[in-house]
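Please put together the full structure from these sequences, using the hints given.
Quick note: the sequence shown uses full-length UniProt numbering, first residue 1, plus one each step.
In case anyone wonders, no lab produced these hints; they're calculated from the structure.
Think of the CB as a built atom: it goes at the ideal place given N, C-alpha and C, for glycine as much as any other residue.
Hints are supplied without guarantee of correctness; some may be wrong.
Now the in silico label distances, taken between C-beta atoms and shown as ranges [to be verified]:
(1) Ala205 x Asp116: 29 to 39 Å
(2) Arg192 x Tyr16: 30 to 40 Å
(3) Ser100 x Asp241: 36 to 46 Å
Calculated pairs, DMTMM-like style, for lysine to aspartate or glutamate (alpha carbon to alpha carbon, straight line, at most 20 Å) [to be verified]:
(4) Lys97 x Glu109
(5) Lys275 x Glu236
(6) Lys105 x Asp51
(7) Lys219 x Asp242
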Amino acid sequence: MVPIPVSISVSVTSPYEYQGLNDDPWSCSVSGAIANVFGLGSQVRVRRNIDNFAIYTVADVRYQDPVNRVRMGSAARQRVGTPNVFSATLHTALATKLMSDTQAKNAGEFVERIADAPHHHGLAVLAPHGGVIEVKTDLQARWVMDALPNADVSCWICSGWTSEGGAHARWHVASTEIHPASFPGLATIADRGFAYAVAFHGMNAAGVRIGGSAPDELKEMLRQAIQSAVGGYSVELAADDDPNGGTSPDNIVNWITAGGGGGVHIEQGPLIRSKYWFAVAQAVADVFRGLV
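What follows is the structure in structure tokens.
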């Protein structure tokens with residue numbers, strides 16, 4: 001699905017200290033006028049020029065600001081190639097043209113995919129950081145969907161590419177920040193209340209970590225299945241204090257489930273995603289085959 005095109009000319013400047021944005025590379029504040037289009041918590045594409053643009057989350061609204069004012073800290077401005085204030089245009093986070101993955105890759109774009117039926121309530125398979133943001137995670141989500149062809153399963157994927165590298169810096173939106181208002185496909189399933197959800201992610205550390213709000217018994221079943229698939233590589237349940245543990249109620253994999261208690265957040269190191277991505281995906285599909 002694609003959103004309606006939006007283009008707003010803005011002036012990007014520094015935040016006030018009290019806003020807490022000075023050291024935040026991922027967020028911005030907007031004026032009250034802009035918030036009528038890009039509301040609090042939503043994602044927005046900030047384009048400084050044809051080569052420098054990135055997605056930010058609207059973390060604050062300053063109703064007293066001039067109508068075209070956007071504020072972000074220096075770390076956030078560096079993501080579009082400058083520590084200085086600048087003029088820019090705001091756009092929807094996603095591409096506004098229908099395109100295949102090949103077309104999106106060639107264009108260095110960010111696209112959304114949804115496979116769903118209105119009666120589905122069983123399992124939501126998610127890959128918010130596909131393409132080359134977190135490599136192979138979108139392929140894993142599709143693999144699970146295809147491996148369970150007649151099951152009560154829906155699939156949501158976002159994939160981003162760049163021609164020069166740096167897709168993570170340009171397109172990554174934290175799992176705790178993803179807002180359905182910015183993703184029309186996601187909006188169609190956001191209030192469904194799935195029994196389970198599983199999200200595929202990539203991390204820099206080696207091995208696999210399994211977290212989320214789902215019962216420990218389910219996560220242990222998945223851990224054992226994935227361990228069998230990857231041999232001697234480390235597969236662990238995420239510790240309570242693990243920053244990659246995915247236990248926040250704001251994490252998409254949790255809030256998309258009924259009562260927030262059915263989410264499984266799977267983090268995978270580079271080698272696992274390169275060599276065993278399909279084996280991990282098949283192991284996940286095998287576990288959920290008897291549940292949905």
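These are the hints, each one checked on the structure:
1. Ala205 x Asp116: 29 to 39 Å: 32 Å, holds
2. Arg192 x Tyr16: 30 to 40 Å: 39 Å, holds
3. Ser100 x Asp241: 36 to 46 Å: Check passed, 42 Å falls within 36 to 46 Å.
4. Lys97 x Glu109: Holds, at roughly 10 Å.
5. Lys275 x Glu236: OK: Lys275 and Glu236 at ~18 Å, within 20 Å.
6. Lys105 x Asp51: Measuring from Cα to Cα gives roughly 15 Å; hence the hint holds.
7. Lys219 x Asp242: 15 Å, holds
Violation of the numbered hints given earlier is absent; every hint is satisfied by the structure.
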